[in-house]
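K.L.:
Start from the sequences and build out the full structure, keeping to the hints where you can.
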Amino acid sequence: MLEVEDIHVNYGRLVALRGVSVNVDEGEIVCIIGPNGAGKSTMLAAIAGGVPLQSGTVRLAGQTISGMVPEAISRLGVSLVPEGRHVFGTLSVAENLRIGTFQRRDRANVNKDFERILEHFPQLRERLNQPGGRLSGGEQQMLVIARALLTRPRLVLVDEPSLGLAPRIIDQVYEILIDLRRRDGLTLLINEQSSDRVLKFADRIYVLRDGRVQLHDQAANLRGGQAIMSAYFGFQDRHNAPPSERTSS
Amino acid sequence: MIGFLQNLIDALSLGSLYALAALGIGLLFGILRLANFAHGDFITVGAYALIVPSLDVTAKMFIGHWPIILMVPTVCIVVVVLALLADALLFRPLRRASAPTLMIASFALGYIIQNVILMFYGARPKAVDLWSNLSQQVEIGPVRVPQLQLVTIAVTIVLTVGLTLFLRRTSFGVQMRAAAEDFRMARYLGVRANFVVGLAFAISGLLAAAVSLLFLSQSGQLSNSLGVPLMLFAFIATVIGGMGSLTGAVVGGFGVGLVSTMLQAYLPPELRPFRDAFVFAVVILILLYRPGGIIPTKALVQRV
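Chains as they are written, first to last, in the working numbering: chain A, 1 to 249; chain B, 250 to 553.
Please keep in mind that the hints were generated in silico from the structure rather than gathered at the bench. Some hints here could point you the wrong way.
[As the list claims (entries may be wrong)] So, partial list: chain B residues that the calculated Cβ filter (under 7 Å) puts toward chain A:
#1 R436
#2 G439
#3 E519
[Unchecked claim] A few chain B residues that don't get close to chain A, going by computed Cβ distances all over 12 Å:
#4 P322
#5 S381
#6 A429
#7 S494
Backbone N, C-alpha and C define an ideal beta-carbon position, used for all residues, glycine too.
P.N.:
Structure representation (structure tokens):
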């Protein structure tokens, strides 16, 4: 469904991505893990059209979306939940949620979806008329996920959903995401810094470091192994380094 | 007491003009981080739209002679089209430019507009008689007020309430508020950047047109820099109100109108010529105590 092909991104002289390729199939949960500064956030922003590409292409269901403005990509069904949440603090919770629905053509379904999404996020229902800025960190994370879902996306990009949240809330966030995938066949591309959690539910994992994919495999193959750790930290130990690292970097 | 009430209505009427102009400036600043110094010249164009372009000393009415139901919308359309053109031809290509670049561009636009007016209408100020029957006085209890002042205050209330309802109740309004707070996030959610900015320019133009008509009917004189002092005071109003806050712009507008009218009325006569110096001193005092303005916004916090 999503094909990212050899993309390069620079911020001035700073190179953020040096030729990254990632694929996501319909209905999959794919996780990108990697240390701070690996280029994970840049990569999601680049897919969503928020950062210009130096080279490479991004395709959604065969259609090239790289080079489009963010609002056009959003209208094609890609929804980004950025790092740091970006709740509209002065808008009410209801307005925050509605923002993403104005672009939809299927007006008739909007109210139905609104109700259905609120069933997943009961805390939000009680606070619909409060300013978004008054919510707690966990509630804000729920709000931005709910808001992204209300654009009726085919693909949701989630940037570090666990950042700054208590472990109990993180579990809740992931339960909701996994539940949505099961029910609605949502496709998810998720960034995370820690690998333990994502190994449990992801279908496939990419490890990103220094703007390159260091390792890419089915999550099932990586559980309990050393491969992830060595790719993540860049150990040069030949015995531990997986074959994919030697070839791809 | 009666004198004070009279002064208060003067202040409200002057403050209304500043508040309307400040709203136009504040709206664009909120969304684009553009300090639009050409806003005063939008106001000037609205006023000049009323007369036939000519270098003659006397003004010949053109749109100004149309019935009011046609005249007001036409002036509004002229200024709105000008604002949209400014966006399309100048500010859209500069979308990724820094705030200072945008500000300098708006200065340039202002000078261009002033000089184009000079070319087609001549350099001399022209007397224009717009709605002079509104200068008749109405007696409200002991106070005698020119009708025009009441009209000015009423128009300001209607436009402010209308703008508030638009921003709160309509989907376009919600999108504009979202864009003002976090433009990039709004775009990630499908809000069309060019549309929202165009809308802001259009509303800003509409507010400028209202100021054109109200101000011209008070002053009765056209000059190619007619909007500049209005813009300056309105700009000060947005700064002390809190850049980017629309409530702040209105509060600031009325504040500046109040201070300036009251100083005019109560300063010793020998100091009155220096009234504006006192107005600015008050502005400096406010900013010393509240650097972010009366209602500080995120827009400014991020910049500091």
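K.L.:
Holds or violated: is the Cβ of B:E519 closer than 7 Å to a Cβ in chain A?
P.N.:
Violated, about 47 Å.
K.L.:
Beyond 12 Å on every Cβ pair: is that true for B:A429 relative to chain A?
P.N.:
Non-interface label on B:A429 violated, nearest chain A Cβ at 9 Å vs cutoff 12 Å.
K.L.:
Minimum Cβ separation between B:P322 and chain A greater than 12 Å?
P.N.:
Label holds. Min Cβ-Cβ 28 Å, cutoff 12 Å.
K.L.:
With chain A as the partner, please determine if B:R436 meets the hint condition of a C-beta pair closer than 7 Å.
P.N.:
holds (4 Å)
K.L.:
Using Cβ atoms and 12 Å as the threshold, tell me whether B:S494 really stays out of contact range of chain A.
P.N.:
Given that some Cβ of chain A is not farther than 12 Å from that of B:S494, nearest at about 10 Å, it is violated.
K.L.:
Does the CB of B:G439 sit less than 7 Å away from some CB of chain A?
P.N.:
holds (4 Å)
K.L.:
When you look at the beta carbon of B:S381, is every beta carbon of chain A farther off than 12 Å?
P.N.:
At about 44 Å from chain A, B:S381 clears the 12 Å cut-off, so the statement holds.
Hints 3, 6 and 7 from the list above are not met by this structure, while the remaining hints are.
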